[in-house]
Amino acid sequence: MGNITLITGGQRSGKSTYAERLALERSERPVYLATATIGDEEMAERVRRHRERRGPQWINLEEPIKLSLLDLKGHTVLVDCMTLWATNIFFDQKEDTDSALTALKNEFDLLTGKKADFIFVTNEIGMSGISPNAMARKFTDLLGFFNQYVAARADEVVLMISGIPVKIK
Amino acid sequence: MGNITLITGGQRSGKSTYAERLALERSERPVYLATATIGDEEMAERVRRHRERRGPQWINLEEPIKLSLLDLKGHTVLVDCMTLWATNIFFDQKEDTDSALTALKNEFDLLTGKKADFIFVTNEIGMSGISPNAMARKFTDLLGFFNQYVAARADEVVLMISGIPVKIK
Amino acid sequence: MGNITLITGGQRSGKSTYAERLALERSERPVYLATATIGDEEMAERVRRHRERRGPQWINLEEPIKLSLLDLKGHTVLVDCMTLWATNIFFDQKEDTDSALTALKNEFDLLTGKKADFIFVTNEIGMSGISPNAMARKFTDLLGFFNQYVAARADEVVLMISGIPVKIK
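Residue numbers (the working numbering), protein chains in the order written: chain A, 1 to 169; chain B, 1 to 169; chain C, 1 to 169.
Derived from the structure by calculation, the hints contain no laboratory data.
Just so you know, not all the hints are guaranteed correct.
[Unchecked claim] In silico DMTMM-like links for lysine to aspartate or glutamate, alpha-carbon gap of 25 Å or less:
id: 1; chain 1: C; residue 1: LYS167; chain 2: A; residue 2: ASP155
id: 2; chain 1: C; residue 1: LYS169; chain 2: A; residue 2: GLU25
id: 3; chain 1: B; residue 1: LYS138; chain 2: C; residue 2: GLU45
id: 4; chain 1: A; residue 1: LYS138; chain 2: A; residue 2: ASP96
id: 5; chain 1: B; residue 1: LYS167; chain 2: A; residue 2: GLU156
id: 6; chain 1: B; residue 1: LYS169; chain 2: A; residue 2: GLU156
id: 7; chain 1: C; residue 1: LYS105; chain 2: A; residue 2: GLU45
id: 8; chain 1: A; residue 1: LYS114; chain 2: A; residue 2: GLU45
id: 9; chain 1: C; residue 1: LYS66; chain 2: C; residue 2: ASP92
id: 10; chain 1: A; residue 1: LYS138; chain 2: B; residue 2: ASP155
id: 11; chain 1: B; residue 1: LYS94; chain 2: C; residue 2: GLU42
id: 12; chain 1: A; residue 1: LYS94; chain 2: B; residue 2: ASP40
id: 13; chain 1: A; residue 1: LYS169; chain 2: A; residue 2: ASP155
id: 14; chain 1: B; residue 1: LYS138; chain 2: C; residue 2: GLU42
id: 15; chain 1: A; residue 1: LYS167; chain 2: B; residue 2: GLU45
id: 16; chain 1: B; residue 1: LYS169; chain 2: C; residue 2: GLU156
id: 17; chain 1: A; residue 1: LYS167; chain 2: C; residue 2: GLU42
id: 18; chain 1: B; residue 1: LYS169; chain 2: C; residue 2: GLU25
id: 19; chain 1: B; residue 1: LYS138; chain 2: C; residue 2: GLU25
id: 20; chain 1: C; residue 1: LYS169; chain 2: B; residue 2: GLU156
[As the list claims (entries may be wrong)] Far from chain A by the CB rule (all over 10 Å, computed), these chain C residues:
id: 21; residue: GLU41
id: 22; residue: ARG49
id: 23; residue: LYS169
[Stated by the list, open to error] Derived, one-sided and incomplete: chain C residues facing chain B with beta-carbon distance under 10 Å:
id: 24; residue: SER13
id: 25; residue: THR17
id: 26; residue: ASN123
id: 27; residue: GLU124
id: 28; residue: GLY126
id: 29; residue: PHE139
Quick reminder that beta carbons are idealized off the backbone N, C-alpha and C, glycines included.
For reference, chain A alone in the conformation it holds in the complex (with noise of 0.2 Å):
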């Protein structure tokens, strides 16, 4: 089985950056796999900034939802992020918290199976009042379930506070 670190926290804590900086301390040419799916402008500004400032050293791949399909074996992999990973499935399992949580924690078995360095960037979503939003309280379920999971899994768990990392597992 594969060695897990997770790196969670608020947006712009600097999670991907220090993401990006471990994984180079750990191979000299690792993999970046994106689970975005672009799908506006504002995302694909996004998307841009962050490859911008990644180096040519990185083995770029993109997958939404399958990631267990690819061959990462004996890689050091940069999962970035969970949080789009999970909204990609929550859609494909047609908004349904249970079915979409079964599947997710199927594919990141089937993913952290194969022996290979896994760092994942999650975020915290929970810390504001609870939403009016009917949708939005259930991804919330969702991916706070499943950071649990994870978490539960991991070798180690870092908190991004103001791009500190706390080292909490």
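With chain A's structure known, arrange chains B and C on it following the hints.
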């Protein structure tokens, strides 16, 4: 005066699961004190899920406001949660932050004045932008001030992040 | 160059109270540098409450944007808060994230280039779902990047959770 443990964190961060495990470690017959008033189907579903997870060894009590009226001396008591307790008192006090905070502090002092082992679950709700909704801002004030009040009196405070307990006091 | 302490956390997490105590421990006559522009009754009420809590030993200054123009050499200076400072510059720069970030970093460098003891208060605002409001997303980007910039330069960073200071750097 009672022993006080405070478990705080975001939605779906594993607060209740952790608090339940803690209560069972401390007592063979802990009290589960629910503050929820079941107003709709979604809430009923959440309560049902929580009950299923807990075993038959629990003594189940429900009280939305006057928690101090219950006879809890000598018990390990899990109060789940302060957020709903504060919500109930907020509406009981006509959405006035100051009088709701006074009422909460009074009830808390009466409750924890009894010799028992208390575990309180609460929420961090202020880590988003300021809400455009005035009532939401008032409730964020109320719960934040109440969380500070309880944390200052707690013997132990734990922050849950993705199911990982982080001891902060 | 000045000494820099950063206090971050959610709304009503006790940031200002803690920062004020810290300033009074470090100086008998600290400077309170308010960045608020009082636009409505609710804000005026918040400012009034904060002033009441502080004692007569404070030197009170107000400046929404050009903080570096103040002569603060040798003082202990509490900047409360970075969130409103960033808000003021964001609107001053026509809601352009990039130019607002550049302006903020410039002002910050000029300000902290002076030999003084700085305590900055800021907010964690990115731990909810992504806002449906484009301006809110842009501001979340701005404050998040600015928080990272300041935290990287800070000698000490403290995260407030329910009034409990958690030293993270």
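Hints, one by one, checked against the model:
no.: 1; hint: C:LYS167 - A:ASP155; verdict: 23 Å, holds
no.: 2; hint: C:LYS169 - A:GLU25; verdict: 22 Å, holds
no.: 3; hint: B:LYS138 - C:GLU45; verdict: 13 Å, holds
no.: 4; hint: A:LYS138 - A:ASP96; verdict: 8 Å, holds
no.: 5; hint: B:LYS167 - A:GLU156; verdict: 17 Å, holds
no.: 6; hint: B:LYS169 - A:GLU156; verdict: 22 Å, holds
no.: 7; hint: C:LYS105 - A:GLU45; verdict: 22 Å, holds
no.: 8; hint: A:LYS114 - A:GLU45; verdict: 33 Å, violated
no.: 9; hint: C:LYS66 - C:ASP92; verdict: 11 Å, holds
no.: 10; hint: A:LYS138 - B:ASP155; verdict: 34 Å, violated
no.: 11; hint: B:LYS94 - C:GLU42; verdict: 18 Å, holds
no.: 12; hint: A:LYS94 - B:ASP40; verdict: 23 Å, holds
no.: 13; hint: A:LYS169 - A:ASP155; verdict: 7 Å, holds
no.: 14; hint: B:LYS138 - C:GLU42; verdict: 10 Å, holds
no.: 15; hint: A:LYS167 - B:GLU45; verdict: 35 Å, violated
no.: 16; hint: B:LYS169 - C:GLU156; verdict: 19 Å, holds
no.: 17; hint: A:LYS167 - C:GLU42; verdict: 38 Å, violated
no.: 18; hint: B:LYS169 - C:GLU25; verdict: 22 Å, holds
no.: 19; hint: B:LYS138 - C:GLU25; verdict: 31 Å, violated
no.: 20; hint: C:LYS169 - B:GLU156; verdict: 22 Å, holds
no.: 21; hint: GLU41; verdict: 22 Å, holds
no.: 22; hint: ARG49; verdict: 22 Å, holds
no.: 23; hint: LYS169; verdict: 5 Å, violated
no.: 24; hint: SER13; verdict: 6 Å, holds
no.: 25; hint: THR17; verdict: 8 Å, holds
no.: 26; hint: ASN123; verdict: 8 Å, holds
no.: 27; hint: GLU124; verdict: 5 Å, holds
no.: 28; hint: GLY126; verdict: 7 Å, holds
no.: 29; hint: PHE139; verdict: 7 Å, holds
Checked against the numbered hints above, the structure violates hints 8, 10, 15, 17, 19 and 23; every other hint is satisfied.
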